[in-house]
Structure formats: C-alpha cells, structure tokens
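Peer 1: Residue-level listing of the chains:
Number of protein chains: 2
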Amino acid sequence: MTIPFSDRISDVPRSFIREILKVAIDPQIISFAGGLPNRNFFPVEALQNASNKVFETAGREALQYANSEGDLILREMIASRYKEKKGLDIKVDNILITSGSQQGLDLMGKILLNDGDGVVIEEPGYLGAIQAFSVYRASFHPVPISEEGMDTERLQSILQQKKPRILYTVPNFQNPSGITYSEAGRDALAAVLERSDTLLIEDDPYGELRFTGKDKTSFAKRLPDQTVMLGSFSKIVAPGLRIGWIVAPDLIMEKLIVAKQASDLHTQYLGQLIIRQFLQDNDLDGHISTITDVYNQQRLAMIRGVEQYFPEGVQFTRPEGGMFLWMTLPSDLSAMSLFHRAIDKKVAFVPGDPFYASRKHVSTLRLNFSCVDKAGIDTGMARLGGAVREAMEQR
Amino acid sequence: MTIPFSDRISDVPRSFIREILKVAIDPQIISFAGGLPNRNFFPVEALQNASNKVFETAGREALQYANSEGDLILREMIASRYKEKKGLDIKVDNILITSGSQQGLDLMGKILLNDGDGVVIEEPGYLGAIQAFSVYRASFHPVPISEEGMDTERLQSILQQKKPRILYTVPNFQNPSGITYSEAGRDALAAVLERSDTLLIEDDPYGELRFTGKDKTSFAKRLPDQTVMLGSFSKIVAPGLRIGWIVAPDLIMEKLIVAKQASDLHTQYLGQLIIRQFLQDNDLDGHISTITDVYNQQRLAMIRGVEQYFPEGVQFTRPEGGMFLWMTLPSDLSAMSLFHRAIDKKVAFVPGDPFYASRKHVSTLRLNFSCVDKAGIDTGMARLGGAVREAMEQR
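Sequence order for the protein chains is A and B. Under UniProt numbering, the residue at position 159 of the first sequence is numbered 159, and the numbers go up by one with no gaps. Under UniProt numbering, the residue at position 247 of the second sequence is numbered 247, and the numbers go up by one with no gaps.
Worth double-checking, as some hints may not be accurate.
Unchecked claim - Computed footprint of chain B on chain A, listed as stretches where at least three residues anywhere in the stretch have a Cβ under 8 Å from a Cβ of chain B:
#	region
1	128-135
2	260-271
3	301-308
4	383-391
Said to hold, decoys possible - Derived list of chain B stretches under chain A, where covered just means 3 residues or more per stretch with a C-beta under 8 Å from a C-beta of chain A:
#	region
5	196-205
6	279-287
Don't read these hints as lab results, they were simulated from the structure. The structure displayed is predicted, hence computed values, not measured ones. Where a beta carbon is used, it is the ideal one built from N, C-alpha and C, also for glycine.
Kindly generate the complete structure, drawing on both the sequences and the hints.
Peer 2: Structure below.
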C-alpha cells in the first residue's frame with residue numbers, strides 16, 4: 001500500500017540538533033552542544049523521598065487516571081510562586097499542567113493555528129517552537145532580537161501586513177542567544193502588540209536561573225489578556241519528570257483543556273505528585289541557588305576562555321542567567337564548517353543554522369555552559385579557540 | 001482582543017462522559033459509569049519498590065531528558081511479549097513509547113489526516129478516538145459492529161466511495177460494547193481492507209484481560225504492512241503512569257518520531273523505567289490473572305443482576321473479558337432519560353449517545369464492572385433494574 005501522509009507532517013523539520021549530535025558521541029569530545037540541565041545537580045534523593053511519600057500516602061490516586069487540568073494543589077503552588085516572584089495574580093483555573101512545556105507549544109498551535117497562519121518568532125529562535133508550530137503549518141515571520149528585545153519596526157510592519165496569530169518569545173536568557181529583553185524593550189514590544197489580535201506566548205523555562213542583575217517584569221503585567229505564559233520544572237528541578245504548565249486567559253484555557261484531553265488525557269499524575277511533595281518538603285529557592293552558583297562559575301570560565309583563547313573579531317553575549325552563550329564569528333566564517341573542524345579537535349557546539357527559520361550557513365553558534373565543569377570548559381574553549389584561529393588563518 | 005481559534009478545535013466534542021459524571025459524584029451513588037481499572041488492584045508496593053530501585057541505580061538518567069523513541073529495554077520487553085503472547089515478530093525500531101495510548105491516537109491523526117479525510121470507526125465506538133481524530137478534522141464513517149465484527153458490506157461501500165485514510169478498531173472486549181471480533185469476522189474485514197490504502201489501527205488496551213475463551217489473532221498477522229497496533233500498560237499495570245506504545249511499519253514510524261518530538265519531546269522517563277523495573281522483578285501474568293479473577297467475578301455478578309432484576313426485553317452482551325457490558329433497552333426507551341431516573345435511585349451508567357458519531361437518544365448504555373465489588377454490583381443492578389422497570393411501565 002502507499003501511505004499518504006498528512007501535509008502537516010511533511011513540513012516539520014527533523015531535529016537538526018539531534019542529527020548533528022550523533023557525530024558528537026565520542027566520549028573524548030567536550031560538548032558545549034547540549035541543551036540539558038546539569039544532571040549532577042538533580043535533587044535525586046529529595047525526589048526519591050518525595051516519591052516514597054506519594055506512594056505511601058496517595059499511591060492509588062497517583063496511579064489512577066486523573067483530571068486533564070492537573071493536580072489542584074500543584075497548580076495552587078504555581079500560582080503562589082507567580083505571586084511571590086513576579087507579583088502576578090494568577091487564578092488556579094487559568095493554569096493547566098502539561099507534559100513539559102513542549103506540549104504547551106503543541107497545544108497552543110493546535111487551538112490557534114489554521115494552515116498558513118502567521119507566527120512571529122525570534123531570530124535566532126527556539127527550535128522546539130518552530131517544530132511545534134510547523135506541525136500546524138504556520139507561516140513564520142522571524143524578527144531579529146538584540147539585548148534590548150525585538151526589532152519593533154520590523155515587528156510593526158509584520159503585524160500590519162501579515163496579521164499573525166501568535167508572537168512567540170523567550171524573553172529571559174533566551175535559547176539559543178542567552179539574551180534577556182530590557183524593560184524598555186518589553187515596553188516597546190507591548191506597545192506595538194497592544195490592540196492587535198496577535199497573542200503573545202511568553203516561554204520562560206530559564207527565568208529563575210538568574211546569576212546577576214534584576215528580574216524583568218513579565219509581559220503578563222503589560223498585556224494581561226493577550227499573554228499566555230509557559231513554565232516548566234525541567235530546568236529548576238528535573239526534565240525527566242516532564243512537568244510544565246500553561247497560564248492562559250479563560251477563553252483560551254477552555255479550548256486548551258479540550259485539546260489536552262484529546263492529546264493525552266492528562267499529564268502523568270505520579271510525576272505531578274512527586275513535584276508537589278518535593279516543593280512541600282524542600283526549599284526550591286535554595287536548590288535553585290545551588291544550581292545558579294555552579295552555572296555562573298561555568299559561565300565565567302567560558303567567558304574567560306573566549307578572552308584567553310579566541311582571536312580578535314569573535315563576538316559573544318554575556319548572559320545574566322540561563323544555560324547558553326551565543327557567539328558570532330567573523331561573517332565570512334561558517335559555523336557549520338567550524339563544527340567539523342571542532343569535532344576533529346574533540347570539542348562540539350551547535351552551529352546557529354537550526355535557530356533561523358530560513359537562513360543557512362550562518363556565522364553564529366550556541367555554546368552551552370551548564371553541563372561541563374570549569375576545568376572542562378577551560379580545555380574545551382582552548383580547543384575551540386584553536387579551531388577558530390585555524391579557520392581564520394586558512395580563509 | 002478577539003481570539004480567532006483554529007477551525008480544528010471548534011470541531012472537537014467536549015467529553016460528554018466527563019460532563020454527565022459531574023452529577024454522579026454523590027458518594028451514595030453506585031457507579032457503573034466509570035471507565036477506570038480498579039485501583040484496589042494496582043501493584044502499589046511493587047511499583048514503589050521498582051521506583052526505589054530506579055532512583056538508586058539510575059536516578060540521574062531517569063530525571064534527565066531522554067530520547068523520543070522511548071527506553072530501549074522497555075521496548076525490547078514489549079517486543080518479547082508480542083512474540084510470546086501473539087506470535088508476532090516485532091522489531092524494537094518499530095515500537096514508540098507514547099504518553100498513554102490516547103497520545104498514540106493523536107500522533108496517528110497528526111501524521112495521517114488532512115482536513116476532511118475519512119476515518120472508519122466502529123458503531124458504537126471509543127469516544128477518545130473520536131475526540132483525537134476530530135482535532136484533525138476527520139470525516140467519520142461509522143460501521144455497525146456485532147459479535148462477529150464489522151459489517152463488511154457497509155465497510156466495502158465506504159472504502160469504495162470515501163477512500164478513508166484510517167480504519168480504527170478495538171477488536172478485543174471493545175469499549176463500550178465489550179464485543180470481541182470472531183476469527184471469521186477478522187478474516188472478512190482483512191479481506192475487504194487488503195489492497196486498499198486504508199490503514200488499520202488496532203487498539204488493544206483490554207486484550208490481556210481475558211476471562212474465558214481463546215485469544216484471537218491480531219490484524220497484524222493478516223495485514224502486517226497495513227496495521228498499526230496501539231498498546232498500553234494502563235489496564236494491566238496502572239494508568240496514572242501514562243505509558244503506552246505504538247507499533248508501526250518503518251515509514252510510518254519515521255513520521256511518528258518527528259511528530260512525537262514536536263508534541264512533547266519524549267514520554268516521561270521515570271515512569272518508563274519504573275514499568276521496566278516492575279516487569280523485570282514481577283510476574284506480570286500472575287498480576288493480570290489476579291485482576292481478571294476479580295473482574296470476572298464482578299462480570300458474573302452483573303450478569304446475574306440483569307437476569308434477576310431486569311424486565312424482559314432488555315438485551316446485553318456477555319463479554320469474555322475487559323471491563324464493560326453493553327445493554328440494549330427496548331427501542332422506545334431512551335438511555336438518557338433512564339440516566340436521570342437511575343441517578344434518583346442512586347445508580348449511574350453511561351448512556352450510549354456519546355459512543356455514536358451522530359446518533360442521539362439511543363436506547364443503549366454502557367455498564368462498567370471493574371470498579372464495584374460483587375455486593376455493590378448486586379445492589380446497583382437491583383436499583384437499575386427497578387429504574388428500567390418503572391420506565392417501561394410508564395411509557
């Protein structure tokens with residue numbers, strides 16, 4: 001038989017990162033290519049204790065089917081944390097627990113996008129969002145970002161001409177660039193977006209991983225009826241539990257719940273209860289500061305590595321938090337060809353290409369600093385700096 | 001702002017069952033309305049032990065991001081079980097772990113259905129499948145089923161006229177009817193489907209819950225290149241873990257993995273490892289026979305209840321396994337109006353209406369026997385029989 005696949009699945013890019021990382025499995029390779037939190041700092045023992053408590057006090061509930069919205073008490077805890085950390089008043093009914101925030105993206109695409117509908121994405125932008133919205137046949141409108149935020153002039157013209165349905169942003173310690181929008185940049189974006197029919201999705205997986213500087217205010221403060229927030233425990237507790245959430249206004253939430261039911265009935269309940277018990281019995285802020293101390297040390301080691309081992313003409317971001325540093329090579333150097341040279345020297349990174357909706361052979365690249373210790377970062381950056389130097393000498 | 005939702009989400013029926021069950025939360029009500037496995041027989045202690053072993057031997061792996069296909073060893077175990085129980089040779093690469101088999105339905109819809117594409121469903125049929133495929137704007141073509149299987153004459157004419165993309169069947173102890181297709185019925189369906197471009201989805205969540213009779217052979221034996229199988233640990237271990245799987249031919253699997261990545265990256269890894277450890281350390285067959293012994297006792301109590309308390313003119317299926325018994329009232333009695341009368345008498349069931357793609361005010365209903373003990377079933381059936389009797393006297 002011939003299998004006629006849907007048009008939507010033909011449009012989805014296969015994970016480029018996943019493909020290129022297959023060459024990086026050599027254990028000799030120091031990898032800055034990953035996008036993972038550092039597993040050495042997962043609170044394994046505390047989660048095991050939480051798991052045991054759940055099995056002992058609510059084992060049968062944890063193992064039974066559960067409601068689609070997610071555990072009520074866990075949602076209350078998320079709401080309280082929004083109040084405490086961001087001064088936001090979120091009702092429990094406006095929170096839906098998702099199977100990671102990747103599912104938040106899938107559900108938003110599902111309920112909002114018809115074929116060809118416009119989605120504004122950041123350039124460079126998060127690949128998982130591009131994948132999720134591609135499934136619903138989005139037309140992507142990339143807008144360049146800088147340390148201030150989005151290019152609002154470009155945005156304005158897209159809003160007028162294309163009437164996009166969604167604007168997707170990761171305004172804190174963005175993946176891949178490490179960029180955090182300034183308050184002024186947020187104000188400017190909100191002013192442009194206000195009174196349009198474009199919904200803003202604020203994805204904030206890294207926001208709590210701040211090393212220096214002051215927290216910036218959420219778009220939900222500026223555009224409360226027009227903002228959907230995605231959150232996740234993946235970077236602050238552990239990703240393998242796949243517990244994320246969506247905060248959305250009433251009308252949107254109603255559709256999200258229908259879509260959630262149809263997609264997987266509900267998020268794994270044992271994992272929800274483990275996280276809830278973990279939050280009850282442990283100091284999440286203390287745990288986060290353990291992680292951020294380590295990540296910050298590693299970030300500083302990476303910055304020192306660039307300064308020490310890299311030739312002139314290489315630029316990079318100095319992120320105030322998160323897991324990534326973004327590097328811009330001289331414009332005639334392709335990050336993709338540097339990648340192969342770097343692999344020969346036993347160091348890996350992600351070339352910028354997959355983070356652009358259309359551009360290829362870019363001269364930007366992403367460096368992850370969460371997973372390699374300081375000594376490894378020093379060695380790896382010396383190797384990578386050498387590879388850049390060679391590439392520049394041989395042009 | 002106005003929120004323009006996608007066309008697809010407007011088409012999805014909200015869960016009718018969920019809505020009507022809101023009236024059945026009174027603890028005095030004996031409920032045959034649920035569709036849940038009996039939580040009293042979840043292997044809580046064994047799963048807690050498995051969880052502890054996972055935390056102790058592979059805690060950091062279990063909590064980290066994992067691959068989209070699912071745990072390799074768990075997939076090997078699933079493949080071995082297919083070999084042992086059904087004589088099927090399944091390669092590990094043709095198995096994808098999903099977040100419950102509801103996600104299997106969502107992924108199949110995602111990769112196969114364009115707007116308006118045809119899906120053959122059983123009548124009555126499983127509501128979760130109707131919901132999942134509605135999201136992808138399927139046109140449903142219901143085909144009546146009986147103890148033999150599908151009405152193949154009707155099916156043939158649909159295949160010719162509508163060229164449906166998918167045929168969806170639950171051939172063992174179907175939800176809602178409890179029906180199991182005969183071998184002859186399976187042969188007939190396969191003969192009609194062969195050489196068409198319609199893919200058969202064999203969803204088999206209840207197949208291992210057999211009380212009497214002999215296992216029937218899978219469609220995968222008859223139409224190996226044209227059959228996708230969905231499986232789940234929900235009914236044989238525990239649903240709260242949300243671990244299901246899809247078995248699909250290579251070309252389909254390739255697309256499924258792309259869709260899985262875009263949907264939620266991967267199924268919760270801790271849960272996969274807990275199930276794997278549970279399977280390694282415990283006798284699943286022994287556990288299943290504990291469950292089936294109880295369910296069978298309850299099924300027999302329910303059948304005795306019908307015989308004892310119900311008036312002439314009420315028909316019902318005698319399922320050889322699973323969790324449901326299907327009842328047909330005299331054709332001028334509406335199950336929906338009986339529902340309200342039954343609630344007054346403190347007994348609940350699911351009227352047949354939601355299990356039909358279009359028909360309403362049907363005279364069929366679904367009775368679940370997995371969750372109420374024998375004494376409760378006797379009392380509940382006496383109440384329900386009384387309600388039926390009254391309804392018949394008052395017509």
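Peer 1: Would you mind marking each hint as holding or not holding in the structure?
Peer 2: Results for each hint:
{"no.": "1", "hint": "128-135", "in the structure": "holds (count 5)"}
{"no.": "2", "hint": "260-271", "in the structure": "holds (count 11)"}
{"no.": "3", "hint": "301-308", "in the structure": "violated (count 0)"}
{"no.": "4", "hint": "383-391", "in the structure": "violated (count 0)"}
{"no.": "5", "hint": "196-205", "in the structure": "holds (count 3)"}
{"no.": "6", "hint": "279-287", "in the structure": "violated (count 0)"}
Comparing the model with each numbered hint stated earlier shows that hints 3, 4, 6 do not hold.
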